[in-house]
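Asker: Chain by chain, the residues:
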Amino acid sequence: MSDAAHYNFAYLDEQTKRMIRRALLKAVAIPGYQVPFASREMPMPYGWGTGGVQVTASVLGPDDILKVIDQGADDTTNAVSIRKFFERTAGIATTTHTRDATVIQTRHRIPEAPLKEGQILVYQVPIPEPLRFLEPRETETRRQHALEDYGLMHVKLYEDIARHGHIATTYAYPVKVDDRYIMDPSPTPKFDNPKMDMCPALQLFGAGREKRIYALPPYTKVVSLDFEDHPFERTKFDRGCELCGAEGIYLDEVVTDDRGGCMYVCSDTDYCEGRRAAPHAAAPPIREARR
Amino acid sequence: MSTPDAPLLVAEGLSKRYGQRIGCADVSLGIHEGEVVAVVGESGSGKSTLLGLLSTQLLPDAGNVRYRMRSGDERNLFALGEAERRFLLRTDWGFVHQDARLGLRMGVSAGGNVGERLMAVGWRHYGRIRAEAENWLERVEIARERIDDCPSAFSGGMRQRLQIAKNMVTRPRLIFMDEPTGGLDVSVQARLLDLIRSFVGDYGLAAVIVTHDLAVARLLSHRIIVMRHGRVIETGLTDQVLDDPREPYTQLLVASVLQV
Amino acid sequence: MTHDREMIRLRAVAKTFVMHLRGGASLPVVSGVSFDVRAGECVVLGGPSGAGKSSILKMIYGNYRADSGRIEIQGRAGWIDLAHAEPRAILALRKSTIGYVSQFLRVIPRVSAHDIVAAAARQTGLDSAAADRRSAFLLEILNIPERLWRLPPATFSGGEQQRINIACGFAAERPILLLDEPTASLDAANRAAVVELISARKRAGAAILGIFHDEEVRDRVADREVDVRTFSPEVHAA
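Quick mapping for you: the protein sequence lines, in order, are chains A, G and L. To convert, note that position 67 of the first sequence is 71 in the numbering used here; the numbers rise steadily by one, no gaps. To convert, note that position 142 of the second sequence is 1190 in the numbering used here; the numbers rise steadily by one, no gaps. To convert, note that position 158 of the third sequence is 205 in the numbering used here; the numbers rise steadily by one, no gaps.
It is worth saying that the hints were derived from the structure and are not from the lab. A hint or two may mislead.
[What the hints assert, rightly or not] Below 16 Å or equal to it, Euclidean Cα-Cα: the simulated EDC-like pairs (lysine to aspartate or glutamate) are:
1) L:Lys-249 / L:Glu-220
2) L:Lys-142 / G:Asp-1197
3) A:Lys-120 / A:Asp-104
4) A:Lys-160 / G:Asp-1196
5) A:Lys-120 / A:Glu-91
6) L:Lys-249 / L:Asp-51
7) A:Lys-160 / G:Asp-1197
8) A:Lys-225 / A:Asp-182
9) A:Lys-240 / A:Glu-251
[What the hints assert, rightly or not] Not everything, but these chain L residues come out facing chain G in the computed CB check (under 10 Å):
10) Met-106
11) Ala-177
12) Trp-196
13) Arg-238
14) Val-242
[What the hints assert, rightly or not] Pulled a few chain G residues facing chain L out of the computed Cβ check, cut under 8 Å:
15) Gly-1061
16) Gly-1170
17) Arg-1239
18) Asp-1242
19) Arg-1271
20) Pro-1296
21) Gln-1299
C-beta: ideal position from N, C-alpha, C; glycine also.
Work the whole structure out from these sequences, hints included.
Answerer: Pasting the structure below:
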């Protein structure tokens, strides 16, 4: 723990954490509203979760147990690095088990195991503005949020259907929060959108480069936008995990050779391992990679 | 007062300065339902400033604009809340820009452009939005097959017609046009003018058209307002002003038109 | 329409053109113009070219502005002084009460001859079927070949355009009809057709005020003549 002695607890100085906590409080008070904050330079590049790390640093206490996932996995470079970062700068305990964690920082996924009260899910957000690609002027999009002038958001969905015959947006699928603000749920797959609705855990979103924080307090209504004749549909997989046999969960395609072979496995590694470790889990035999 | 004969829009004493320069000085006018008013004058005469003030895109230094809402209530436009103002702009009003890029989303399909106003007022049925968009594209003579093409792939004339469809879809009562035929070929202009003329007739649309082209004013408008140095110098029936101009400047304008 | 009722009343109307582009030169046209036109009669303005006949007609239509005097028109809701009326009131009078036929057609791009005339017929409230019939009737008696009906008149010959214009002028049946040399340069058959149209409007009780250089036509339609020379500004200045 020699490193910890050189850094303030969880890397950021206390004044910065207070500033971020004030932004977080405001974000919780106005669900879905993007609160500007004075994002700091972090010892990692933009795009690696600088926003999420600052939020995590501001909410961590010495007794917290941190889990970090990237695309659902605990063992990818980004997840491992951030976990190590807080182990060294805060000296806190870490875990890969969803049920044991008090704070979970995530990039692009919500764990399969249901979250519970008292947990905090911190999202890394690249682009917080859902209207950005339709209206490049920030002055205008802020006004649109203020006035609830959201016709434009449906234009995007309209364009999807016109081009693809269905709403082809499969991630960063826009949602309406608490019947008021339209929010970008960060690039999570739309499969996870329903998990945000009435979630018992606190959900915090941090965008470091864009200097924005937003939040969903526990048990907030989150509705995915759609059309009456093209309702929102959760992504469905016509197969189960080839490792643990789980169905109705989000699958990753893993390429197994250079001849087009691949297999489909749980994106949530903790969930998959848990099922395989449990004695009652009816894990199917691992089949040979298909062509 | 909101008798059927009351004007739709009344401007009183509108003035706007840009530093020392006068944009628009003490302009008053009334526009009735179904009435087309052309504002003419050369560049810098204040006609675009006047259009900006009437359409609440600019704030005046003095004066006010009252408008009779669909509900029949007369409201001072500069006292409207921003949300109310926007709602008015995208339902009861239209704005056709000379530069289509200001009025259209160039990266959104023609159907999406026309459908935007419907979605903004709460339409949430894709099939119905698309059918209405098709309907309006047809009325502005854009082939149905082009519904999924972006305006960036359209000709100048088509873009202007798409702008008109985009505005007309909520059946506005008042439409503002800033040099709608500017920069178009003459034959393309004729088609557009004919379209605007028929919409004005068919839908009882009131319009304020800013143009430096007296032929456009003659063809489309009932009344003309001649502006110079930010002031209205002459106003009257279109044919009266063009055939019997009184002010020296108006006579000069009329005399400068090439006869064909 | 009651015959003999006054429909147009001019009182001391004066008009001067000021030509600012020619150093503000004043060009007095007429002054002291006073006469009446009654329902069911055709009054002809007489006098040499340049005496101001056309200007008087244009002032009654509201196309030129009168400098002084009154131009009273019997509208649907009573007398209106057109010399002091709002633009909207003038437009309303043109729609309901005053028709005007000049020699020149202002073509509207892309609208067919038939539709131009039918649109004119609809202005006084004919439904579209009746307006179409009226249009076809007029185009036929004015000898417009049927193959041209569906074409925009922009490319027609001068005589054809003039006849389309006459058809427009007679399409809507208004209580007042102003005719500015409608038969100029028409051939005998078409002149006769126009004379018949004028007579029919007269029988129907329209008040007609016209300028006709063609003596034969004038003699056949005119009930009386108003000599514009009596309104010469010199006469009144003296």
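Asker: Could you run down the list of hints and mark each one as holding or not?
Answerer: Structure-based check of each hint:
{"no.": "1", "hint": "L:Lys-249 / L:Glu-220", "in the structure": "holds (11 Å)"}
{"no.": "2", "hint": "L:Lys-142 / G:Asp-1197", "in the structure": "violated (43 Å)"}
{"no.": "3", "hint": "A:Lys-120 / A:Asp-104", "in the structure": "holds (10 Å)"}
{"no.": "4", "hint": "A:Lys-160 / G:Asp-1196", "in the structure": "holds (13 Å)"}
{"no.": "5", "hint": "A:Lys-120 / A:Glu-91", "in the structure": "violated (24 Å)"}
{"no.": "6", "hint": "L:Lys-249 / L:Asp-51", "in the structure": "holds (11 Å)"}
{"no.": "7", "hint": "A:Lys-160 / G:Asp-1197", "in the structure": "holds (14 Å)"}
{"no.": "8", "hint": "A:Lys-225 / A:Asp-182", "in the structure": "holds (5 Å)"}
{"no.": "9", "hint": "A:Lys-240 / A:Glu-251", "in the structure": "holds (10 Å)"}
{"no.": "10", "hint": "Met-106", "in the structure": "holds (9 Å)"}
{"no.": "11", "hint": "Ala-177", "in the structure": "violated (18 Å)"}
{"no.": "12", "hint": "Trp-196", "in the structure": "violated (18 Å)"}
{"no.": "13", "hint": "Arg-238", "in the structure": "violated (27 Å)"}
{"no.": "14", "hint": "Val-242", "in the structure": "violated (28 Å)"}
{"no.": "15", "hint": "Gly-1061", "in the structure": "violated (20 Å)"}
{"no.": "16", "hint": "Gly-1170", "in the structure": "violated (35 Å)"}
{"no.": "17", "hint": "Arg-1239", "in the structure": "holds (7 Å)"}
{"no.": "18", "hint": "Asp-1242", "in the structure": "holds (5 Å)"}
{"no.": "19", "hint": "Arg-1271", "in the structure": "holds (5 Å)"}
{"no.": "20", "hint": "Pro-1296", "in the structure": "holds (4 Å)"}
{"no.": "21", "hint": "Gln-1299", "in the structure": "holds (5 Å)"}
Comparing the model with each numbered hint stated earlier shows that hints 2, 5, 11, 12, 13, 14, 15 and 16 do not hold.
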